[in-house]
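2 protein chains.
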Amino acid sequence: MKKTLKAILPVGFKANGVVCGLKKSGKLDLALLYSEIPALASAKFTTNSIIAAPLIVSKKHLESAKEIQAVLVNSGNANCFTGKAGIKDAEATASYVAQALKIAKNSVLVNSTGIIGKKLDIAKIKQGIPELVSGLSGPGIHKAKKAIMTTDTLAKEVSVSLKIGVKSVHICGIAKGAGMIAPDMATLLCFIMTDAKITKQALDQALDAAVNKSFNCISVDGCMSTNDTVLVLANATAGNSVISGGKDLRDFSEALECVCLDLAKMVIRDAEGATKFIQIDVCRAKNYQEARKIALNIANSALFKTAVFGENPNLGRVAAAVGACGLKIKANGLKIRLGSLKQKRVKLAVSLSRGKASATVYTADLSPEYIKINAQYN
Amino acid sequence: MKKTLKAILPVGFKANGVVCGLKKSGKLDLALLYSEIPALASAKFTTNSIIAAPLIVSKKHLESAKEIQAVLVNSGNANCFTGKAGIKDAEATASYVAQALKIAKNSVLVNSTGIIGKKLDIAKIKQGIPELVSGLSGPGIHKAKKAIMTTDTLAKEVSVSLKIGVKSVHICGIAKGAGMIAPDMATLLCFIMTDAKITKQALDQALDAAVNKSFNCISVDGCMSTNDTVLVLANATAGNSVISGGKDLRDFSEALECVCLDLAKMVIRDAEGATKFIQIDVCRAKNYQEARKIALNIANSALFKTAVFGENPNLGRVAAAVGACGLKIKANGLKIRLGSLKQKRVKLAVSLSRGKASATVYTADLSPEYIKINAQYN
Numbered sequence: 000m001k002k003t004l005k006a007i008l009p010v011g012f013k014a015n016g017v018v019c020g021l022k023k024s025g026k027l028d029l030a031l032l033y034s035e036i037p038a039l040a041s042a043k044f045t046t047n048s049i050i051a052a053p054l055i056v057s058k059k060h061l062e063s064a065k066e067i068q069a070v071l072v073n074s075g076n077a078n079c080f081t082g083k084a085g086i087k088d089a090e091a092t093a094s095y096v097a098q099a100l101k102i103a104k105n106s107v108l109v110n111s112t113g114i115i116g117k118k119l120d121i122a123k124i125k126q127g128i129p130e131l132v133s134g135l136s137g138p139g140i141h142k143a144k145k146a147i148m149t150t151d152t153l154a155k156e157v158s159v160s161l162k163i164g165v166k167s168v169h170i171c172g173i174a175k176g177a178g179m180i181a182p183d184m185a186t187l188l189c190f191i192m193t194d195a196k197i198t199k200q201a202l203d204q205a206l207d208a209a210v211n212k213s214f215n216c217i218s219v220d221g222c223m224s225t226n227d228t229v230l231v232l233a234n235a236t237a238g239n240s241v242i243s244g245g246k247d248l249r250d251f252s253e254a255l256e257c258v259c260l261d262l263a264k265m266v267i268r269d270a271e272g273a274t275k276f277i278q279i280d281v282c283r284a285k286n287y288q289e290a291r292k293i294a295l296n297i298a299n300s301a302l303f304k305t306a307v308f309g310e311n312p313n314l315g316r317v318a319a320a321v322g323a324c325g326l327k328i329k330a331n332g333l334k335i336r337l338g339s340l341k342q343k344r345v346k347l348a349v350s351l352s353r354g355k356a357s358a359t360v361y362t363a364d365l366s367p368e369y370i371k372i373n374a375q376y377n
Numbered sequence: 000m001k002k003t004l005k006a007i008l009p010v011g012f013k014a015n016g017v018v019c020g021l022k023k024s025g026k027l028d029l030a031l032l033y034s035e036i037p038a039l040a041s042a043k044f045t046t047n048s049i050i051a052a053p054l055i056v057s058k059k060h061l062e063s064a065k066e067i068q069a070v071l072v073n074s075g076n077a078n079c080f081t082g083k084a085g086i087k088d089a090e091a092t093a094s095y096v097a098q099a100l101k102i103a104k105n106s107v108l109v110n111s112t113g114i115i116g117k118k119l120d121i122a123k124i125k126q127g128i129p130e131l132v133s134g135l136s137g138p139g140i141h142k143a144k145k146a147i148m149t150t151d152t153l154a155k156e157v158s159v160s161l162k163i164g165v166k167s168v169h170i171c172g173i174a175k176g177a178g179m180i181a182p183d184m185a186t187l188l189c190f191i192m193t194d195a196k197i198t199k200q201a202l203d204q205a206l207d208a209a210v211n212k213s214f215n216c217i218s219v220d221g222c223m224s225t226n227d228t229v230l231v232l233a234n235a236t237a238g239n240s241v242i243s244g245g246k247d248l249r250d251f252s253e254a255l256e257c258v259c260l261d262l263a264k265m266v267i268r269d270a271e272g273a274t275k276f277i278q279i280d281v282c283r284a285k286n287y288q289e290a291r292k293i294a295l296n297i298a299n300s301a302l303f304k305t306a307v308f309g310e311n312p313n314l315g316r317v318a319a320a321v322g323a324c325g326l327k328i329k330a331n332g333l334k335i336r337l338g339s340l341k342q343k344r345v346k347l348a349v350s351l352s353r354g355k356a357s358a359t360v361y362t363a364d365l366s367p368e369y370i371k372i373n374a375q376y377n
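These protein sequences, in sequence, are chains A and B. When we follow numbering that gives the first Met the number 0, the leftmost residue of the first sequence carries the number 0, and every step to the right adds one. When we follow numbering that gives the first Met the number 0, the leftmost residue of the second sequence carries the number 0, and every step to the right adds one.
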């Protein structure tokens, strides 16, 4: 497996990003991902019960369409908590793309990210579509990756290639996310494009496993978003023998997890106001669920996160967070080791003496800058 | 019922506070509450599974002793996550008090608050005991209320009186708490003294109800402490006919809830770095538990709290927090009203259209000052 921290679209995929005017800053705010060949799709959406309108529409399209060809993403407005009008708006934007690309409406997915609770200005999106479509290209992914950003300061991108039999298979992922990041589920937008030939069942299985070990193991602020989506499109142009199980699926899954984990870590590195990247390893737990629950509870402790920001090795706050999980953890079996806080990367190891399972979670410190960013965000 | 926002000890209770040297600042850090007459006791402790040593010792004493006469409280060190030595230390401090007051060791309760994970300097406590005991008096409660403070900027105190039959009954409460405040359970130290004559069962029942509607309905940072205690001592000097049920118990419970709720609100007003006092009313829920869960999820949303700090009316963040509760809340039945953010007191009303139950929770905004306080706390 070869990896590069740059988005390189597999054959058959094109992308673009334009300014349509949703962001007051005048930055790129409308992205299109396009697959010339109808692609197999697998997706994971937020588990928040308040779901954004574009997700409702995209779920419907994923159910009715066998294959997907386009994904429209706007930043600057989440089109969430916008009622029935919001759903109509999301459907309208899918129609604009379908007409411009001459494809079926249900082969278009839509996604929005930005402020919640405000009506989406679809006239601006409609105006942006012609330029967006005419400029579609391979390198266009670099405009697309910027057009999906909100409070992100860095674009998040990674590409890997691996061998399936004698053929090279490529996977390219881009993501956005910096705040309102907490698992179950993904807490951000992530779009992955691959030329792999793979069965729907195998793709779903690989995505499920990859997301659980990546996007479901990060937290910035414990706040679950209403718009989170991780989507994989597979267009089968690599010409490999179809991946359906065995070693091929294991290799593909490993590569997909690598893409997801790299992007998830980039989200944490870009966490709003963060000055530290914190890795929390919980070991000797009874099972994985327990280890992950404890690691996430530490990751969401405002007191632990501010202590790391202050480079103040306060292990008591870790113990308090472990004890607050609702599990009967005994203090005398609890071992806590915190690495140097002077570095940008901080490692915390927690051993429970309860079993053999372990889990790793990534988070960032909590700084006054996080509050500044979110006090003013509107 | 008459109320005054000042601690006035009922007949038979004395208190004092001294400087024993646990706080580097040189401020009062050792408090003693004393009942001349052995008093009935009812207590609630943290549900954190990592429990501080003094709580382990106090629980044991409450089980073995029928009545309690003294409560020793130190600030500056929580004596938690300190192993078997910590328990021995807590027992030693109880012995010092028992010897000085010539009472049984198990009639002494001990409490500690401050940093977690550091050994308690019991030599300093031992040295402070003679002055602490010799200065016991009614007005000494005003030194005691200060000696239990850590990051608190205000002492928290309230007294109420009510009629039980023809007799006046008095209840006096003091509390400390400003950070590491989240329910289940009390998230602070609170000591309540009453001259009421009451059965153990009635006192337990009244405390349970009062704590559920007060200390279990506040959150500063969602971080659960390891030392939380709410304790009531009842010395029966009011000479009222014993309270065991009916109207008398309802009246006493109402007064006790008033004391607890006032102290709980004072904790929120004094929340670390807070600039706003936020009341969250969730109504039209299926049941109280659901209403309280949703209200607390909003109260613990870092994004909502920073928006209030920024006086930025971001209702989308409230909707996202409601949806993240794991309940199947429908967006079209959700109504959110947020009062003016320009005031110091902010009211948020959330209606769910699911039923008739409601709950109220109190919290504070999240400011850069919270981070400053906790980044440096050591």
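Hint data in this document are derived by calculation from the structure and do not stem from the laboratory. Any given hint might turn out to be false.
What the hints assert, rightly or not - Which chain B residues face chain A? A few, computed with CB under 8 angstroms, are given here:
id, residue
1, ILE49
2, CYS79
3, ILE115
4, GLY134
5, LEU302
6, ALA306
7, PHE308
8, GLY309
9, ALA318
10, ALA319
11, VAL321
12, LYS327
To be verified - Here are the simulated distance ranges between beta carbons:
id, chain 1, residue 1, chain 2, residue 2, range
13, B, GLN200, A, LYS58, 53 to 61 angstroms
14, B, LYS371, A, THR152, 44 to 52 angstroms
15, A, LYS343, B, LYS26, 32 to 40 angstroms
16, A, GLY338, B, LYS87, 44 to 52 angstroms
Note that beta-carbon positions come from the ideal geometry of N, C-alpha and C, so glycine has one too.
So, going through the hints one by one against the coordinates:
{"no.": "1", "hint": "ILE49", "in the structure": "holds (3 angstroms)"}
{"no.": "2", "hint": "CYS79", "in the structure": "holds (7 angstroms)"}
{"no.": "3", "hint": "ILE115", "in the structure": "holds (2 angstroms)"}
{"no.": "4", "hint": "GLY134", "in the structure": "violated (31 angstroms)"}
{"no.": "5", "hint": "LEU302", "in the structure": "holds (5 angstroms)"}
{"no.": "6", "hint": "ALA306", "in the structure": "holds (7 angstroms)"}
{"no.": "7", "hint": "PHE308", "in the structure": "holds (5 angstroms)"}
{"no.": "8", "hint": "GLY309", "in the structure": "holds (3 angstroms)"}
{"no.": "9", "hint": "ALA318", "in the structure": "holds (4 angstroms)"}
{"no.": "10", "hint": "ALA319", "in the structure": "holds (5 angstroms)"}
{"no.": "11", "hint": "VAL321", "in the structure": "holds (6 angstroms)"}
{"no.": "12", "hint": "LYS327", "in the structure": "holds (5 angstroms)"}
{"no.": "13", "hint": "B:GLN200 with A:LYS58: 53 to 61 angstroms", "in the structure": "holds (54 angstroms)"}
{"no.": "14", "hint": "B:LYS371 with A:THR152: 44 to 52 angstroms", "in the structure": "violated (23 angstroms)"}
{"no.": "15", "hint": "A:LYS343 with B:LYS26: 32 to 40 angstroms", "in the structure": "holds (36 angstroms)"}
{"no.": "16", "hint": "A:GLY338 with B:LYS87: 44 to 52 angstroms", "in the structure": "violated (31 angstroms)"}
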